[in-house]
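For the protein sequence lines, the chains are A and B, in the order given.
Sequence positions in the first sequence follow the numbering used here and run -9 to 285.
Sequence positions in the second sequence follow the numbering used here and run 38 to 359.
Just to be clear, a hint being listed does not mean it is correct.
[What the hints assert, rightly or not] Covered stretches of chain B, going by a simulated chain A footprint (3 or more residues, C-beta under 8 Å): (1) 164 to 170; (2) 286 to 296.
[As the list claims (entries may be wrong)] Short derived list, chain B residues pointing at chain A, Cβ under 10 Å: (3) M179; (4) K234; (5) Q326.
Keep in mind that the hints were calculated from the coordinates and are not lab data.
Only a predicted model underlies this, so the values are computations on that prediction, with no experimental measurement involved.
C-beta atoms are modelled at their ideal positions from N, C-alpha and C, and glycine is treated no differently.
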Amino acid sequence: MFEVFGVPSQALFGQLLLGLINGSFYALLSLGLAVIFGMLNIINFTHGAQYMMGAFAAFLLLRHVGIGYWPALIVVPVIVGATGVVIERLFLKRIQKLDHLYGLILTFGLALIIEGLFRNYYGSSGQPYGVPESLQGGRNLGFMFLPNYRAWVIAFSLVVCLGTWFAIERTRLGSYLRAATENPTLVRAFGINVPRMVTLTYGFGVGLAGLAGVMAAPIYNVSPQMGSDIIIVVFAVVVIGGMGSIMGAIITGFTLGIVEGLTKVFFPEASNTVIFMVMIVVLLIRPAGLFGRTA
Amino acid sequence: MTTLVNTMTAKVRRETERSLAIAAAALVIFLVVGPFILYPVFIMKALCFALFACAFNLLLGYVGLLSFGHALYFGWAGYLAAHAAKVWGLQPELALLVGTATGMVLGLIAGIVAIRRQGIYFAMITLALAQMMYLVALRAPMTGGEDGIQAVPRGRLFGTFDLSNEMTMYAFVVVVVLAAFFLIYRIINSPFGEVLKAIRENEQRAISLGYKTDNYKLVAFMLSATLTGLAGSVKALVFQLASLTDVHWTMSGEVVLMTLVGGLGTIFGPIVGAFLIVAMENYLAPFGQWVLVIQGAVFVICVLAFRRGIVGELAARLRVRL
């Protein structure tokens, strides 16, 4: 045991770990928001509700079908992504040409519907979801105790984030996507089915939210309002990072998680507002966001 | 040619003024007859929300800025007004003044931060700021946390009129809210309001014409927050309660809904929308969480098929401005 600025290392590293966990979710969710915004030009307010749907899907699959954590990690994002495809086809397609604000209002309405439905059936109390057997326990690193599941969440979300970055920035499909973001009409002229790409992009972004939901289920309680609690913080993260860059969203997400964790150690009263304060400071100094292009 | 245009605009203006006067007269008649047919508390609640929605519409409908955090000014003004009346023992008119000033100060601070970004970012920033102050309200000793500030005394207006009498309170609320409506109408139709509409239509163009649009946006934001503060303070006095509900993000969503249902950028739309949504919530209260689902569905329907709102649609049919 040693101390850092009068704080025992155990507490410091414990909060740092929690911060990294939160940061993983901020990164996954703001990444999805950024991908969707790039292609559809809307802010997906439903994102929090879709994250909640992911957690609930994992919970329901386990309880009613007996499908455990590992298969859920693949099945749930597909299910949630599919609901996203339906939403895009039914609703978002119709408001493509309208002011961006309508997209925000529409997805806000959808979020209310989804949250309301889940609250109807499951109340507002949380449902427990166990840590998968293979990841139970933890190891002692000497300066702190590291639960296996938490280490897995951080590592896996890093892999997913970097994988998404690679797919968008370094592959052929990703280059179509980026091209369609810049100039959809021109890309269509090359014979690429842009509307389908838009639909699938939305499905992918939403699937990421669902995946984050599955990963969150064993850590937080599975509850209907878990989405609306986190989505506003993620909005602040997105404002801080700026939505221009995929890597920016990832770095900002993890960094702010760590900042939040450290605040919990040194100034606990401010821990749940610190991200908003960072947002204010960033807006005053660099209005376009840390990684944003000036519009 | 110019005389023709002039007479045309004069004719349009006359017609507009006439239709607005008819609508205003209908509103006044309703407010006079209303308390004998409906519960006065219901009408007072709807009036508070109507003022809230009109103040919000000043920003969204006339400047094109979507604030997703107006609960911040509504709720915190209510807290301060309730605190002033209960703890400081101020008279009701002074408590309202304290609440309104709270809205103004918070609006100025939030406005300086939020107008640094446009469009979608503006909405997210206002939402984030409101959430921050919600978390503060959750912890701060002054707000009473989950309990809120209860049993706020209504007091005696100017030391003479006893507001614990329901009809006296009603008359007071009607006078205050109507005066605020008139103020909003005058702001919209002032040269300042014309510049706001120019910013809504084309901000770049307004800048090129030499207007410092950021200053106009900031003043509009502050005015909107101030009037929202007035609405929140009146509500705190009517219900003798200031609670977390009024600072929560769902409240910010509700005012968007009221404005959208009634008609964006119309003068009477938010009033109609507020009465409808408040009535709907009263009626649906026993159904619990379904209120959320129905609200969400109304949002979706409005955006997909009914963007002009009730009053906007009516005005388009009658070819007048309302």
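Cross-check of the supplied hints:
Check on the segment 164 to 170 of chain B: 5 of its residues sit with their Cβ under 8 Å from a Cβ of chain A, so the three-residue criterion for coverage holds. With a threshold of 8 Å between beta carbons, the proposed coverage of the segment 286 to 296 of chain B by chain A holds, since 3 of its residues qualify and at least three are required. Given hint, M179 (chain B) at the interface with chain A, is violated; its Cβ is 15 Å from that chain's nearest Cβ, farther than 10 Å. Hint on K234 (chain B) is violated. Least Cβ distance to chain A is approximately 16 Å, over the 10 Å limit.
Against a cut-off of 10 Å between C-beta atoms, the interface hint on Q326 (chain B) holds, since the closest Cβ of chain A lies about 4 Å away.
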